[in-house]
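K.L.:
Letter by letter, the chains look like this.
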Amino acid sequence: MATTYDIAMKQSESKKEDSAQIVAVKELRKSFGSHIVLNGINLSVNRGETLAVLGRSGTGKSVLLRLIIGLEIPDSGSVCIHGQNIVGLALDQMGEIRKKMGFLFQHAALYDSLTVAENVAFPLAHHRRDMSRSERGDRVKQLLAEVGMEGDLNKMPSDISGGMQKRVGLARALALEPEILLLDEPTAGLDPISSAEIDDLILKLQRERQMASIVVTHDLHSARTIANRLALLDQGNVVIEGKYEDLQQSDIGLVKEFLKQS
Amino acid sequence: MDTAVDSAMGRVDGFFEWFGNLGIFFWRVLRAAVTPPFEWGELIRQLDEVGSKSFPLVFAAGAAIGVILSLEARYTLTRFGAKSMFPSSLVYSLLQVMGPVITGLMVSGRVGAGIGAELASMKVTEQIDAIEASAINPYRILAAPRIMACILMLPLLTLVADASGLLMGWFAQTLVEPLSFHQFIDSGFKTAHLNSFLPQTFKTTVYGLIIGLIACYEGMRTRGGAEGVGRAATKSVVLASLFLILSDVVMVKLILVVFP
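Chains as they are written, first to last, in our numbering: chain H, 16 to 277; chain W, 14 to 273.
It cannot be assumed that every hint is accurate.
Unchecked claim - Facing chain H, from chain W, some residues (calculated, C-beta under 7 Å):
no., residue
1, Q140
2, A143
3, I149
To be verified - Beta-carbon label-pair distances, calculated as ranges:
no., chain 1, residue 1, chain 2, residue 2, range
4, W, F68, H, D206, 46 to 52 Å
5, W, W40, H, S128, 25 to 31 Å
6, W, T16, H, G163, 55 to 61 Å
7, H, S173, W, A205, 49 to 55 Å
8, H, M146, W, F215, 39 to 45 Å
Everything labelled a hint here was simulated from the structure, so no lab data went into it.
Just so it is clear, the structure is predicted and the values come from calculations on it, not from any experiment.
Virtual Cβ for every residue (Gly too), placed ideally from N, Cα, C.
Sequences and hints are given; from them, build the entire structure.
P.N.:
In structure tokens, the structure reads:
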């Protein structure tokens with residue numbers, strides 16, 4: 016029978032676990048009309064950890080990221096960043112939370128009227144007004160050098176390839192030194208060599224910066240390379256969550272099918 | 014029968030929903046516009062985009078209207094033996110009615126479509142989401158400068174249309190019956206006073222608000238790829254032009270009451 020001490024120890028461990036969690040999603044639900052996309056998702060990510068969210072197309076993976084950064088509002092449930100529930104926050108309050116996050120969109124979403132350098136400088140120009148123009152310029156060059164784009168400062172997004180746009184998008188996402196990095200299909204549409212380069216880049220950045228990262232992908236190989244844990248979504252639920260070895264040992268038919276087809 | 018009633022009620026719902034959402038959008042833009050930090054650089058860029066780049070079009074439209082009014086007015090006034098009223102009739106027609114309305118419609122077409130398409134294109138390519146994800150208020154950086162630029166530039170562009178209309182109206186008249194420009198202006202403005210045209214010129218700030226607000230609203234809520242962009246641009250022009258003219262009905266009456 017559990018003693019008062021046992022209960023207290025369990026609560027203490029749970030609190031420690033909660034405080035280590037940078038991002039925690041609890042009972043998250045989202046529908047678009049009658050189509051249920053997320054049906055009570057529970058996920059968490061700690062500092063220095065990368066969680067890969069896998070699933071077939073249309074299973075709500077991108078919607079999950081958009082809910083975490085507040086671009087969509089859930090029907091119910093909570094999204095906690097450092098223990099603070101961000102659901103329902105006003106735009107300016109949400110702005111303070113978003114400064115701690117970097118988001119790489121599936122198609123990079125670069126501002127097409129700005130050059131590569133101006134794209135990366137954009138968040139710095141708005142949030143780091145203490146920086147001088149030359150300091151900002153140096154920081155932009157440093158960020159672009161980290162992603163291997165230092166030679167393309169003055170090019171327009173339309174002048175560079177999809178893979179290069181993703182690199183620039185990643186540099187822009189890192190501009191404000193985020194604690195949380197959200198990556199939506201970082202290797203989608205890329206050839207195997209470019210995909211491997213993006214994976215290596217993400218791994219390198221993760222080692223150096225120790226961010227809490229969530230990567231949405233349907234690329235199992237990429238997920239195995241960059242993630243500490245994997246979660247498989249299907250029909251709005253997390254079917255399985257754990258290391259790749261846990262997925263391999265699972266008896267769940269969908270998991271076996273997913274591994275077989277990947 | 015029930016389906017027809019449901020459909021009609023659905024349209025009424027949609028109509029009020031559109032206005033409600035537009036009101037919320039306007040409030041968010043207003044809040045963003047009056048709280049720092051202010052986007053002066055973007056405002057200046059939009060003043061150039063809306064004002065300087067609309068100048069040739071508005072000048073040409075004003076000139077064409079001046080010629081048309083000159084030809085029509087001369088013919089009509091001659092028929093009724095009131096040829097001497099020609100300069101006054103041209104001045105009043107242009108400054109009180111045609112100048113503001115033509116400017117509003119030209120700017121609605123050029124700027125409304127441009128803003129609607131630009132913002133719609135940014136919306137469908139997730140650029141607006143990227144701005145928001147970077148903790149930057151898209152109402153502050155995208156909508157507010159564009160709407161402010163429209164509000165500030167419309168009166169100035171109206172003066173351009175008025176001036177080009179008067180100049181070309183006089184020129185068209187001079188080709189038929191020589192009249193010095195000095196005589197034309199003197200005669201045209203003899204009975205005019207500031208109340209004759211200042212309220213009409215400044216009412217175009219309301220046109221600017223309508224054009225900027227509707228174009229930004231339609232652009233920033235676009236869905237549906239290239240088709241959505243086209244729809245947003247079209248809706249921006251059509252709705253802005255329609256509300257511009259409807260607002261004129263109210264403002265003309267208001268001006269007549271306040272400035273009799």
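K.L.:
Of all the hints numbered above, which does this structure not satisfy? Sort the numbers upward.
P.N.:
Hint check: nothing fails, all pass.
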